[in-house]
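Residue numbers (this note's numbering), protein chains in the order written: chain D, 4 to 421; chain V, -19 to 322.
The set of hints was computed from the structure by calculation and includes no laboratory data. Here the structure is a predicted model, which is why all the values come from computation and not from measurement. In this text, a Cβ means the ideal position worked out from N, Cα and C, and glycines have one as well. Check before you lean on any hint, since a few could be wrong.
Restraint ranges, calculated between C-beta atoms of paired labels, are given here [unchecked claim]:
#	chain 1	residue 1	chain 2	residue 2	range
1	V	N38	D	G275	54 to 60 Å
2	D	D278	V	N38	52 to 58 Å
3	V	N126	D	S249	29 to 35 Å
4	D	P135	V	K160	30 to 36 Å
5	D	A406	V	N38	34 to 40 Å
6	D	P73	V	E186	38 to 44 Å
7	D	G139	V	E186	52 to 58 Å
Covered by chain D, according to a simulated footprint, are these stretches of chain V (three or more residues, beta-carbon under 8 Å) [said to hold, decoys possible]:
#	segment
8	106 to 119
9	206 to 219
10	299 to 307
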Amino acid sequence: MTAASDTLDPSPARAVPLKRQLRRAERRKNLLFMALILPLAVFVLASFVLPIGSLLQRSIANPEVHDNLPETLELLDDWSGEGLPDEAAFVALARELGAARGTPAIADIAKRLNREQPGLRSLVMRSARALPLAEGTPAQDGLIGIDERWRDPVIWETIKRAGSPTTGFYLLGAIDRTIADGGEIVKLPKEEAIYLDVLVRTFEMSVIVTVACLLLGFPLAYLMATLPVRHANTLMILVLLPFWTSVLVRVAAWIVILQNEGLVNKLLMWLGATDAPIRLLFNRTGVYIAMVHILLPFMVLPLYSVMKGISPVYMRAAVSLGCPPFSSFWKIYFPLTMPGIAAGSLLVFIVCMGFYITPALLGGPGDQMISYFIAFYTNQAVNWGMAAALSAVLLAATLVLYALYTRYLGGNAVNKIR
Amino acid sequence: MKTRLLVTLIAAIAGMSFAHADVTVISFGGAAQAGQKKAYYDPFSAESGIKVIPGEYNGEMARITAMVQAGNVTWDVVEVESPELVRGCEEGLFEKLDYSKIGNKADFVPEAVTDCGIGTFVWSTALAYNADTLKEAPTSWADFWNVEKFPGKRGLRKGAKYTLEFALLADGVAPKDIYKVLETPEGVARAFAKLDQIKPHIVWWEAGAQPPQLLASGDLVMSSVYNGRIAAARKEGRNLEIVWNGSIYDFDYWAIPKGSPNLADAYKYIEFASRPAPQAQFSAEVPYGPTNNAAVGTMDPAVAATLPTSPANLVGAFATDTEFWVEYGEDLEQRFNAWASR
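Bound-form chain D, shown alone (with noise of 0.2 Å):
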């Protein structure tokens, strides 16, 4: 404080006008604002934009053919695709396969391969064991002679494709095409195709989730936001508790109580509700319930803090003046929560996308979201260009709908209020 009341003494013998002083006073303020924020900034950078990046990057990385047998394709540049590439290419191929043999190359390009064409796997490791070729052999002639697959063009065409520095595979394949032997982009067959379908299941089943929630949601903040302070403490509390509790737990408890023996049909079945127990688990009914028990604080929280700052004079403005009760709550109280309403259900609906543990305990096959099949491809498959590339649809179809949705009704939500 004391370096900027210096700097703006106005005393005259200084010749330096006013503005100029204070602007280099704002500058000095700035330039402080940006140091305190400065190791936010590097948080920010290192634990997110960095690991997004590498992330993408990954996605369409494509090092295993291209690193490792750099002059095979090389020299397959100059094929023309038509009949068998020359023998050059053949002795480029043994020599750099031999070269390869009994170390994590030859795994490296064998699994690269077999992702475009199940059965190259084995026809590269086994003509790898199988070389150096014997001296004096024709090299076309030696790796036929180990595999007849060699004969095929389709393989080198295959070879040449895999060996791009970057590659759309795993792109293509998060939505459900592939690069046929031609070179065009054609659609998965139907009995292969998946990715989209469970994309479109986690959009429905975001949306539903989040429908539920506000449903559930909105009462319960009114009535929260209404009662004196001493009882909306306590649904407070009660609202909070199970946030507190680990989503493991929560979906280990919901397994205990939805199961065919559990208390949920042991109660149906007794009040004779029911004489069969109904299946509640691995099904989608028992995703929805855990999801919204789950999700519900996101929605509540929100909607609770903006109906707390409307005033109760409007509503009795609105009475006073003649409005029934409930146009009065229509027209007047409702539009006043919608900010409450959108940031909730934008809250919900993004952390719904990226669901995981849950769908996985209390789904089956059929109700499992996106995040089921990246943490396959991560853990299982240890196939992580495809991870990449699903985590990568995911996020770019999450930012998507983020944009149409303040575009079209976060943004004239606030509006409306203002």
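For this one, chain D is given, so just place chain V on it according to the hints.
Same frame as chain D, but now just chain V:
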């Protein structure tokens, strides 16, 4: 560089709980690990003075890949299944074993001796049923598919492996032809068409502990199971029975992640766990077959009869084709996921 840093971080977090270990042994948990503790960990520590730090995982190669790539290996011995062993060995994730430190190769079942791992037991995926709820015993996978004669829900493991084999067995393919048929697109279509027949009756399980529980509670009438889990449930008094006909057996192996900091102790542990007497004790705890040929001789015949490797139980059983699953696994699992989620 960026990814390397990231991988290091992940591996460091994953390995934190195992720091300062004498020899860290990772296996799949459950009844099998309880048996390993009694038969291997405790006696080994008593004999050698080396402490065993046990850990659990679910067979995810991602963990081992991350550790080895980051050069920060915190696991010394890990139990792996056969396709993972083959892949990991090719990708350089495991040490090539020096058998002079383990024992005489000829003492073991031939399939147990591989470059990167030594088989520790034989386990089996078989058909099991609740003998209290079914009046008549099923005898084959064809019965599993017969929903008129045996009404009720059936359990299968969520995944292509075993499920496709069982479907083809039920469709009348002989065990020796299963993988030949599955190699062709027609064979795969045939297996999925067979699965379509009972799709609404299937409950999919993921953890080995689930099917015995679901069978005992009456949620399932029959299910594919890991044979060891059924034995554990029977000890608790559940009347569950195994049908060995059409069962598929496989090996689990001990392997050493490349760059293990306690290589010498890891070998000592594996050498101990490959001796006949501890293996016989392990089989008495959990009915998985031993890999050391001398182990069966020292065993109680009553125990030997419950193992997947007993001659009576091997009738109609066959070994999984590891090479096939390494080759076609990724493709078939994707196909299975697409089919199952429809």
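Evaluated hints:
no.	hint	in the structure
1	V:N38 x D:G275: 54 to 60 Å	43 Å, violated
2	D:D278 x V:N38: 52 to 58 Å	39 Å, violated
3	V:N126 x D:S249: 29 to 35 Å	43 Å, violated
4	D:P135 x V:K160: 30 to 36 Å	32 Å, holds
5	D:A406 x V:N38: 34 to 40 Å	38 Å, holds
6	D:P73 x V:E186: 38 to 44 Å	42 Å, holds
7	D:G139 x V:E186: 52 to 58 Å	55 Å, holds
8	106 to 119	violated (count 0)
9	206 to 219	violated (count 0)
10	299 to 307	holds (count 3)
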